[in-house]
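> Chain residues, written in single-letter form:
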Amino acid sequence: MKYLCLIYSDEQVLHTSPDSPHDSECLAYAQAIQASGRMLAAEPLEPVATATTVRMRNGKLSITDGPFAETKEQLAGFYLIEARDLNEAIQVAGDIPAARVGSVEVRPVRELNVPQ
Amino acid sequence: MTLSGQVEAIYRSESRRVLATLIRVLGDFDLAEEALHEAFFVAVQRWPEDGIPDNPRAWLVSTGRFKAIDRLRRQARFTPLLQEQADTLQAADWSDDDVEDDRLRLIFTCCHPALAPDAQAALTLREICDLSTEQIAHAFLATPATIAQRIVRAKGKIRDAKIPYQVPSRAELPERLDSVLRVIYLVFNEGYTASTGADLTREDLTLEAIRLCRLLMQLLPEPEVMGLLALMLLHESRRPARTSANGELVLLDAQDRGLWDTSLIAEGCNLVEQALSTRRFGPYCLQAAIAAVHAEASSAGETDWRQIIGLYDVLLRAVPSPVIELNRAVAVAMEQGALAGLALVDNLLQRGELQDYHLAHSARGEFCRQLGRFDEARSAYEKALSLTQQAPEKRFIARRLAELNSPRQ
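One line per chain: the protein sequences are A and B, in this order. Going by our numbering, the first residue of the first sequence is number 1, and it counts up by one from there. Going by our numbering, the first residue of the second sequence is number 1001, and it counts up by one from there.
If you're looking for bench data, these hints aren't it; they were derived computationally from the structure. Do not rely on the hints blindly, as some may be mistaken.
[What the hints assert, rightly or not] The calculated lysine to aspartate or glutamate pairs, modelled on DMTMM-like cross-linking and capped at a C-alpha distance of 25 angstroms, are:
no., chain 1, residue 1, chain 2, residue 2
1, B, K1067, B, E1033
2, B, K1162, A, E111
3, A, K60, B, E1353
[Stated by the list, open to error] Beta-carbon label-pair distances, calculated as ranges:
no., chain 1, residue 1, chain 2, residue 2, range
4, B, A1300, A, R57, 36 to 44 angstroms
5, B, Q1075, A, Y29, 28 to 36 angstroms
6, A, H15, B, R1399, 56 to 64 angstroms
7, B, A1148, A, A28, 37 to 45 angstroms
8, B, D1050, A, A28, 51 to 59 angstroms
9, A, E43, B, D1101, 30 to 38 angstroms
This structure is a prediction, so every number in the text was calculated from the model and none was measured. Every residue gets a Cβ at the ideal spot worked out from N, C-alpha and C, and that includes glycine.
Kindly produce the complete structure, drawing on both the sequences and the hints.
So, in structure tokens, the structure goes:
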């Protein structure tokens, strides 16, 4: 059985509350799960300010700034993709079949700030 | 011309080109802006002794690039990642052949649909038109802090979400061009419809929009670019007739056509013909064609309304819109009389989409007035008055209401 674990947080305090994890702790945990053979994929995300929402309606691609904010629709799946830049990511996202009925939020993956 | 005058002239003609190239070379808006200022700072110091270089633009880009690399190296002592960035920049060469493309890259990046529409307009005015945040804030009736924040956020998204600095491919071009044209027309309308006649900065906005569209046409002579330029020129040609001596709004049918700028009309009409002859025209060309028919008529009565209605029909097929239907209804009233216009407007109002649109109610008021149905006219104008916030429009409707209440009626 596969499980998707989604992390929700107020990004204003995600990195600043006394209990906030340091990126090195996140990396260490990810490596531990990896070593246990249970890791499939995990990535931290850039803040919502970098989000773009993509929809495909009647063959026409619509692109809007900002995150997906519709509470009447629910998370249905995810793609983790490699793209040259946002334009390529938007093209791939727009062609996801579910983009014809739902919305796809495109968020860049953040690099963990951990000394090499 | 004095040397400082010459440097100033070079700043005016070249600074946006230099910036556009520096953004490509350095890959970062903020770094490029600092580099641009440092390059001009060095120019002011060096040119009096060394003379102005043969190719000032290439000199400025090259100087700015070295300054940026220096800056990164200085900061690299604290952040090792910057050393890598500086080395990459040092190794990369830049070519001067690409400069016109750089300007297009800048336009398409500032108007990228993944940026919020108001941020697109602010960024375009800041980076391409070189307006200050204060000027942009004044034009959009916002505070400089709000505009500055919009611009910072947009640049942050360009950097963090990796919006590429490139001209879209042929396949993407139509949609991406739409977004650029929308921004230009938004800038134009901000200056045109909100003008109170006393405010010069807002007039500057219409001129900036026209200048930007001219640049775009020079770089990318697509029919819709010509169409938008023509549309704005034809609107602009009527500016002197749009306000009376005491700053009141004058509608098209009452304008003194002798005040229209004939050279703008000639240029606009010429562009419309050119764009229509490509057979690849869209909504901007069609709107420009409608404006051209008005421009060619010596009075409202002499206007070829039949042709205008036909153009609206084509436009409605391309972009269905209740506002365009309302404009068509006004044209129908001019050709077939107020009763025909009223039937169309009532149908539109019944459908509900224009219930809160003041111009729909003032059109109804006007048709009822012409038909002698003064009570209905009065309530329609009252409804229109309650729906508009713009001072000149409010005064215009109030004047119509006063006429209805005067003993002549």
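> With 30 to 38 angstroms as the target window, see if E43 (chain A) and D1101 (chain B) comply at their CB atoms.
holds (34 angstroms)
> For the pair we were handed, K1162 (chain B) and E111 (chain A), check the Cα-Cα distance against 25 angstroms.
holds (13 angstroms)
> Could you tell me whether the CB distance from H15 (chain A) to R1399 (chain B) stays inside 56 to 64 angstroms?
This hint holds: roughly 59 angstroms between Cβ atoms.
> Assess, step by step, whether the Cα of K60 (chain A) is no farther than 25 angstroms from the Cα of E1353 (chain B), and give holds or violated.
holds (24 angstroms)
> Taking the CB of A1300 (chain B) and the CB of R57 (chain A), does the distance hold inside 36 to 44 angstroms?
holds (41 angstroms)
> Can you confirm whether the C-alpha distance between K1067 (chain B) and E1033 (chain B) stays at or below 25 angstroms?
It holds: about 11 angstroms lies between the C-alpha atoms, which stays within 25 angstroms.
> Holds or violated: 51 to 59 angstroms for the Cβ distance of D1050 (chain B) and A28 (chain A)?
holds (57 angstroms)
> Using the beta carbons of Q1075 (chain B) and Y29 (chain A), state whether their distance is inside 28 to 36 angstroms or not.
holds (32 angstroms)
> For the range 37 to 45 angstroms, tell me whether the beta carbons of A1148 (chain B) and A28 (chain A) fit it or not.
holds (40 angstroms)
Violated hints: none; the structure is consistent with every hint.
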